[in-house]
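Visitor: Sequence:
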Amino acid sequence: MRLSAHGVARLLGAWQDGPGPAHQRLSDRLRLLVLDGRLALGAALPGERELAGALGVSRTTVGAAYRTLADHGYVATRERARATVRLPGGPPPRPPQLGDGAWGGAGAVTGAGSGAGGGPGVIDLSFAAPPAPVEILHAAYATALERLPRHFDRHGYDRYGVPELRQAVADWYGRRGLPTAADHVMVTNGAQHALALLTRALVPPRGKVVVDHPTYPHALTTFTAARARLVPVAVTPAGWDPAQLLAAGRDAALAYLIPDFHNPTGLSMTAAVRGRLRLGCPTVVDETMTDLALDGPAPEPFAAHVPSAISVGSVSKSVWGGLRTGWIRARPALLERVAQLRPTTDLGTPVVEQLATAALLDAGQTRRPQALRQLRLQREALLWALAERLPELEVAGAGAASAVDASAGVTHPVGGVALWAAFPRPVSSRLAAIAPDHGVAVAAGPRFGVGGAFARNIRLPYTLPPDLLGEAVRRLAAAHQALTRGHTGTHTPAPLA
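The sequence shown maps to residues 27 to 523 in our numbering.
These aren't lab readings, by the way, just hints derived from the structure by calculation.
Warning: the hint list may mix true and false statements.
Distance windows between CB atoms, simulated [what the hints assert, rightly or not]:
1. PRO369 to ASP179: 21 to 31 Å
2. THR370 to ASP321: 35 to 45 Å
3. PRO417 to GLN270: 25 to 35 Å
Using N, Cα and C, we set each Cβ at its ideal position, and we do this for glycine too.
Let's have the full structure, built from the sequences with the hints guiding it.
Guide: Dropping the structure here:
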């Protein structure tokens with residue numbers, strides 16, 4: 027993917043503000059764009075002359091900025107070729123592919139000798155995912171291995187998924203009040219893979235895609251890779267605005283919404299709003315968080331209100347991210363269209379993983395009271411630590427709506443796995459850049475938005491044990507104090523989930 031000079035100039039914004047020479051300010055701003063994910067890994071940067079013309083500066087300034095980025099590992103250079111975006115410590119990455127279903131990354135704590143005791147390891151708050159429930163997973167895989175011989179007389183390639191899991195997913199919807207037949211379900215390699223397949227089927231190049239704003243970063247990556255035009259509609263402290271969504275959806279190719287414990291704000295769409303959202307385009311709803319209701323019952327399926335809605339889900343948040351199994355619930359005609367396109371990206375989901383997921387769904391193990399109690403405990407521990415260590419975040423109490431607006435502080439979500447916090451000033455990208463120097467990795471707000479929005483915000487998951495969360499906040503507070511003293515740092519946040 028080649029980045030245009032004028033596109034990069036728009037992303038840079040008011041990069042000339044601040045102290046220091048122009049080339050240093052330019053390299054610093056480009057580095058933050060890489061860390062925020064707004065410059066895709068593997069993308070080719072504009073030539074020095076092109077970018078200099080778009081910015082109205084000398085070619086020498088751009089050349090010096092590029093050399094600084096190369097020296098620190100943020101771009102790869104080759105003779106007679108454009109510089110390409112990369113991250114320090116690894117080879118130049120390939121550009122993101124639409125069919126990519128798994129987005130790898132480190133665990134809760136990385137590095138030798140790591141942990142809450144102040145060792146060299148980094149506590150990873152960039153991943154909003156729970157650890158594996160070992161006993162439950164072991165039992166599910168044992169059941170899967172018992173059932174596996176039933177499939178040995180088949181070739182093992184199935185674009186729709188094994189019958190056991192398709193029926194288990196249909197029953198899961200039925201228990202939630204949405205009668206579903208197995209032929210309305212397609213199994214995928216996670217919800218991200220499901221979204222990629224639907225994007226290929228429904229979104230033409232330059233087609234408009236309506237998204238919540240903020241939203242899940244890898245959804246933005248999927249739509250951008252498909253050359254879609256993003257139409258962000260704000261998720262405000264009051265929630266979703268039906269009038270704006272209806273207007274935006276009139277000429278769109280697709281709308282992507284997260285109505286259940288929204289990532290990253292934690293909001294849940296009301297039944298009244300769901301009933302009004304019959305948009306003029308296919309509407310994909312991400313239900314990955316549905317089984318993580320912490321302070322009340324799980325919300326009704328969106329498709330119970332809008333029967334034409336296309337639902338995607340997985341067990342990555344309710345069970346474990348390493349179980350790469352998800353699904354699409356849609357009308358059979360659409361699933362057939364997706365199945366025809368699917369062989370260009372994959373030939374089906376592994377059978378053992380499907381059988382294990384079916385066992386989990388059949389046993390109701392995607393909503394476990396003990397796991398939800400632990401999440402509630404960890405949520406309160408994180409809120410307490412933030413109130414003590416980072417009062418700048420103005421931690422809100424129970425029942426607060428949302429912190430999408432920077433003035434709203436921190437959301438106290440009623441479900442999901444993360445808080446959406448806001449600082450008084452737009453510091454989240456710079457904080458993410460220096461946080462690993464202090465032993466913690468975080469996800470800055472602009473990674474969840476379009477055009478550099480949410481520079482005040484930060485997502486903070488509560489999927490780690492309380493003592494580790496307390497230590498992580500202590501380190502984050504130290505990083506914030508260092509930032510106020512002018513430290514800039516050169517580290518890279520971990521990948522995001």
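Visitor: Starting from the hint 21 to 31 Å, judge whether the C-beta atoms of PRO369 and ASP179 obey it.
Guide: holds (22 Å)
Visitor: Is the hinted range of 25 to 35 Å satisfied by the C-beta distance from PRO417 to GLN270?
Guide: holds (34 Å)
Visitor: Falls inside 35 to 45 Å, the C-beta gap from THR370 to ASP321?
Guide: holds (43 Å)
No hint from the list above goes unmet by this structure.
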